[in-house]
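We have chain C already, so just place chains S, W and L on it with the hints.
Protein chains in written order, with numbering that gives the first Met the number 0: chain C, 0 to 263; chain S, 0 to 263; chain W, 0 to 263; chain L, 0 to 263.
Keep in mind that a hint or two might mislead.
[Stated by the list, open to error] Within a straight-line C-alpha distance of at most 25 Å, the following computed BS3-like cross-link-like pairs (lysine-lysine) qualify: (1) K176/W to K3/L; (2) K3/C to K112/C; (3) K68/W to K160/C; (4) K199/W to K234/W; (5) K160/W to K223/L; (6) K181/C to K146/W; (7) K234/W to K134/C.
No lab work stands behind these hints, which were simulated from the structure alone.
Number of protein chains: 4
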Amino acid sequence: MTTKIVEFERPKLKNPIFVEGLPGIGNVGRIAAGYLVEELKAKKFAELFSSHFMPFVLLHENSSVHVLKNEFYYWKAKAPNQRDLIILIGDSQSIDPEGHYEIVETILEYLQKLGVKEIFALAGLSIGEEKEKPKVVGAVSDPELIKKYEKYEIDFQSVNKIGTIVGASGLFIGLGKNRGMKGVCLLGETVGFPIIPDPKSAEAVLNVLTKILNLKIDTSRLGKKVKEMEELIKKVEDVQKKALGQLLAPPEKAGKKEELSYIG
Amino acid sequence: MTTKIVEFERPKLKNPIFVEGLPGIGNVGRIAAGYLVEELKAKKFAELFSSHFMPFVLLHENSSVHVLKNEFYYWKAKAPNQRDLIILIGDSQSIDPEGHYEIVETILEYLQKLGVKEIFALAGLSIGEEKEKPKVVGAVSDPELIKKYEKYEIDFQSVNKIGTIVGASGLFIGLGKNRGMKGVCLLGETVGFPIIPDPKSAEAVLNVLTKILNLKIDTSRLGKKVKEMEELIKKVEDVQKKALGQLLAPPEKAGKKEELSYIG
Amino acid sequence: MTTKIVEFERPKLKNPIFVEGLPGIGNVGRIAAGYLVEELKAKKFAELFSSHFMPFVLLHENSSVHVLKNEFYYWKAKAPNQRDLIILIGDSQSIDPEGHYEIVETILEYLQKLGVKEIFALAGLSIGEEKEKPKVVGAVSDPELIKKYEKYEIDFQSVNKIGTIVGASGLFIGLGKNRGMKGVCLLGETVGFPIIPDPKSAEAVLNVLTKILNLKIDTSRLGKKVKEMEELIKKVEDVQKKALGQLLAPPEKAGKKEELSYIG
Amino acid sequence: MTTKIVEFERPKLKNPIFVEGLPGIGNVGRIAAGYLVEELKAKKFAELFSSHFMPFVLLHENSSVHVLKNEFYYWKAKAPNQRDLIILIGDSQSIDPEGHYEIVETILEYLQKLGVKEIFALAGLSIGEEKEKPKVVGAVSDPELIKKYEKYEIDFQSVNKIGTIVGASGLFIGLGKNRGMKGVCLLGETVGFPIIPDPKSAEAVLNVLTKILNLKIDTSRLGKKVKEMEELIKKVEDVQKKALGQLLAPPEKAGKKEELSYIG
Numbered sequence: 000m001t002t003k004i005v006e007f008e009r010p011k012l013k014n015p016i017f018v019e020g021l022p023g024i025g026n027v028g029r030i031a032a033g034y035l036v037e038e039l040k041a042k043k044f045a046e047l048f049s050s051h052f053m054p055f056v057l058l059h060e061n062s063s064v065h066v067l068k069n070e071f072y073y074w075k076a077k078a079p080n081q082r083d084l085i086i087l088i089g090d091s092q093s094i095d096p097e098g099h100y101e102i103v104e105t106i107l108e109y110l111q112k113l114g115v116k117e118i119f120a121l122a123g124l125s126i127g128e129e130k131e132k133p134k135v136v137g138a139v140s141d142p143e144l145i146k147k148y149e150k151y152e153i154d155f156q157s158v159n160k161i162g163t164i165v166g167a168s169g170l171f172i173g174l175g176k177n178r179g180m181k182g183v184c185l186l187g188e189t190v191g192f193p194i195i196p197d198p199k200s201a202e203a204v205l206n207v208l209t210k211i212l213n214l215k216i217d218t219s220r221l222g223k224k225v226k227e228m229e230e231l232i233k234k235v236e237d238v239q240k241k242a243l244g245q246l247l248a249p250p251e252k253a254g255k256k257e258e259l260s261y262i263g
Numbered sequence: 000m001t002t003k004i005v006e007f008e009r010p011k012l013k014n015p016i017f018v019e020g021l022p023g024i025g026n027v028g029r030i031a032a033g034y035l036v037e038e039l040k041a042k043k044f045a046e047l048f049s050s051h052f053m054p055f056v057l058l059h060e061n062s063s064v065h066v067l068k069n070e071f072y073y074w075k076a077k078a079p080n081q082r083d084l085i086i087l088i089g090d091s092q093s094i095d096p097e098g099h100y101e102i103v104e105t106i107l108e109y110l111q112k113l114g115v116k117e118i119f120a121l122a123g124l125s126i127g128e129e130k131e132k133p134k135v136v137g138a139v140s141d142p143e144l145i146k147k148y149e150k151y152e153i154d155f156q157s158v159n160k161i162g163t164i165v166g167a168s169g170l171f172i173g174l175g176k177n178r179g180m181k182g183v184c185l186l187g188e189t190v191g192f193p194i195i196p197d198p199k200s201a202e203a204v205l206n207v208l209t210k211i212l213n214l215k216i217d218t219s220r221l222g223k224k225v226k227e228m229e230e231l232i233k234k235v236e237d238v239q240k241k242a243l244g245q246l247l248a249p250p251e252k253a254g255k256k257e258e259l260s261y262i263g
Numbered sequence: 000m001t002t003k004i005v006e007f008e009r010p011k012l013k014n015p016i017f018v019e020g021l022p023g024i025g026n027v028g029r030i031a032a033g034y035l036v037e038e039l040k041a042k043k044f045a046e047l048f049s050s051h052f053m054p055f056v057l058l059h060e061n062s063s064v065h066v067l068k069n070e071f072y073y074w075k076a077k078a079p080n081q082r083d084l085i086i087l088i089g090d091s092q093s094i095d096p097e098g099h100y101e102i103v104e105t106i107l108e109y110l111q112k113l114g115v116k117e118i119f120a121l122a123g124l125s126i127g128e129e130k131e132k133p134k135v136v137g138a139v140s141d142p143e144l145i146k147k148y149e150k151y152e153i154d155f156q157s158v159n160k161i162g163t164i165v166g167a168s169g170l171f172i173g174l175g176k177n178r179g180m181k182g183v184c185l186l187g188e189t190v191g192f193p194i195i196p197d198p199k200s201a202e203a204v205l206n207v208l209t210k211i212l213n214l215k216i217d218t219s220r221l222g223k224k225v226k227e228m229e230e231l232i233k234k235v236e237d238v239q240k241k242a243l244g245q246l247l248a249p250p251e252k253a254g255k256k257e258e259l260s261y262i263g
Numbered sequence: 000m001t002t003k004i005v006e007f008e009r010p011k012l013k014n015p016i017f018v019e020g021l022p023g024i025g026n027v028g029r030i031a032a033g034y035l036v037e038e039l040k041a042k043k044f045a046e047l048f049s050s051h052f053m054p055f056v057l058l059h060e061n062s063s064v065h066v067l068k069n070e071f072y073y074w075k076a077k078a079p080n081q082r083d084l085i086i087l088i089g090d091s092q093s094i095d096p097e098g099h100y101e102i103v104e105t106i107l108e109y110l111q112k113l114g115v116k117e118i119f120a121l122a123g124l125s126i127g128e129e130k131e132k133p134k135v136v137g138a139v140s141d142p143e144l145i146k147k148y149e150k151y152e153i154d155f156q157s158v159n160k161i162g163t164i165v166g167a168s169g170l171f172i173g174l175g176k177n178r179g180m181k182g183v184c185l186l187g188e189t190v191g192f193p194i195i196p197d198p199k200s201a202e203a204v205l206n207v208l209t210k211i212l213n214l215k216i217d218t219s220r221l222g223k224k225v226k227e228m229e230e231l232i233k234k235v236e237d238v239q240k241k242a243l244g245q246l247l248a249p250p251e252k253a254g255k256k257e258e259l260s261y262i263g
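Chain C extracted, bound-state conformation:
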């Protein structure tokens, strides 16, 4: 392939904002963005496939299959203080380092065509303990942005302790900058197990995001939704881990004596 976007419809959007929520720590970004898609009844307009996802299909209850993918949704502003949105959710991030760059760059190029100049990347921040009220920590592509967003409940002080953001969310902000896009990464504090979705952290992130975007979202059904998602997320992660292990694990028999001796 290696990474391609299949577009069903080219939406006409006015200065759209891009919101990203792919699977990751506590699946915070994935839950928040997925809930946003449902509540806004955003419309799917494109799908992304990549050979940097695991080579398998997921099986639905109706016996139909789907290849691992990322999905693009759009939503048109309903009020003057709102903005058109493009929301990205998906089954998976890249399974290899190189793929992260390829996928993010492919998406950024596509977003540029759609007129995107602002990015909100939603993700989890592993802090190793559960918190009653998880904070939302912020990172920006440009320090100027802090002034604009510090009035929302975002902690722009703690980010330095983290040091790095690994995966798509960080790259969207960092590589988007090369294309003149302004980016904010909203990181919800969470225990740090990717297998256990953290709806509380996702809610914290959603609360900040919807305030910024002037959206009214009822987050009361978030917990229930996460329960439904949990099974699918677990399925992907289980197979991914098992399959990755089998692909990467060297057979135990391969002894030292034989090292490289197979090449005639």
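Relative to chain C, chains S, W and L alone:
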């Protein structure tokens, strides 16, 4: 390379159905499709080579070699209720995640040129125990297809328990959908050891497939054929595992102290 | 991507010399070249991004992020006995073998356009012990160069004991030769732990280089500068190691029985 | 890069035969082909570089470096019963499965331009024990070739026991067939440790090859030559093993808890 198809002959086919049977769990798909090729005396018209197969040649009894490959065969319908067929068999699937996508996409693109709109992917389904009468479990690219095929002995209920189909068979159905192809995956229940070919499961899959395709195939020689195949299959798997292990296994000496210290 | 250079400005340089100092053993090359950039007040004119770097962003104290990159600086000669310089520093080298070739070739092609015919690659040489006065060991693209540079305090005798130079520094000299570039590798002796930056070794390399280039550099602040760099370098290396481990480590559960059995 | 051939001179050859001898088991092929180059005073006309070789340079006694490479030599027939030759030797084979295909295909394409229709691939065959008189086992691209070559001391019976030939030698024969080239693989029996060069096995292979090609070669200096080569070969293998280990070895600290948890 990386993946290329060498075509000997461009067959003129009328609305052909594609049947895929590559090595996998219990080699169910490989055995079923291979037997079909022999019984129908299908004609080879193309071969696929890929740098995502292991880099070695197989040695035949007459001292000649062949590079690992997949093979395309065609068969023309003999009766009005039959359909032209393209059958894919082969020595190997991709040895890395990325290659699965590349190989399946290369094949689908080629099949599109040959006019294929329907796919039957044959594979094994690991259930961890031996069954006297293995079932055939089905997965589809589109739930509409279930109505069409539920009259055959296909279990469309159990598929949800599986969760995923890893490798080429799933991708053929899943990625074929992006090209407007209708796909059914027929999974024969089997113990789940790839090294031990399972002729009983392959027979179950063949019985369903030949009924759908209105073919008359004598499956009595299947057991004997599998014995003959077994040696070749074992050979490929042994070398593959050994070689993969040697390529991926880090030398044991490489201590912790030296980590990354080799870069000047 | 995979590797791309973003140019801010195309400097007009006269027969420029290229000086390379990327992270590596003891970070000797990185420290020496970085200090040179600061002391000369060299001007950044281009950045290099690559999918062969780890897929993460670094977080600055001001909450802004940057993607791992290499940076090109230029400096114009101030005196008749000096030469224009292009200096390369960066956060990282490639994390996979293939990437080293791709990145070095991409840079060499770019340097050719900028008129570079001479290369100085700065690096560390792991000797396993600390020395009061670390030597600078030299390797060349062409034995003729030894005559020209043996008057400087470079040890051209010990190089044979090393056997190889792994990573970018060696490739710059070796592959540059294919493009008619003359290259000298200056290797500062150091204990050999990449995590601990070695300012003493970097100073030894700088002293040789500045004599060759007729530059006057005050090396007294080198120790202090290294302290400042240390934190950033450690951050990159920690995450890189942790992330690489997670990407490459097969999950422990994947047992022997299941080997490759996941492919249907 | 990824794989490129740098040509110094395009030799005018008449129906040339290609002889391949790259490093491998017992370095049998490398020693035999390297000795042939020296004895025939064959002339180097091209070099091949590849990002599928390890990213390091080798250091010579005169402090100069060279990037790992393969080298093409030619020799023009001196007598009517001889044929023009192209001989390939080199420092390394590909370090990853994919690279073997890429390098062999790049070379075959180049050879086709040079008019090559016949290939002799020289390699070792690991038998696990030392033999006073190692046999030369043969494999062919086409069973017809056995008739032509069975009068030479080649064992065409044992090949079936081997099952496979891993690496470049097998692929040259197997993929060359797709380009209408006739290929013979001459495998000298050897203990099977790649680190220990086996001059006796190489001599057996050379004796068969020179008879076929009507060449008169004094093999008495072979043992001495091998001693000289041994050091270089060991150097490459040591660094390659160490470096590969460091690139592939996951840091031990990466515990189970953290699995994939690094992605935000």
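If any of the earlier hints don't hold here, list their numbers in rising order. 6
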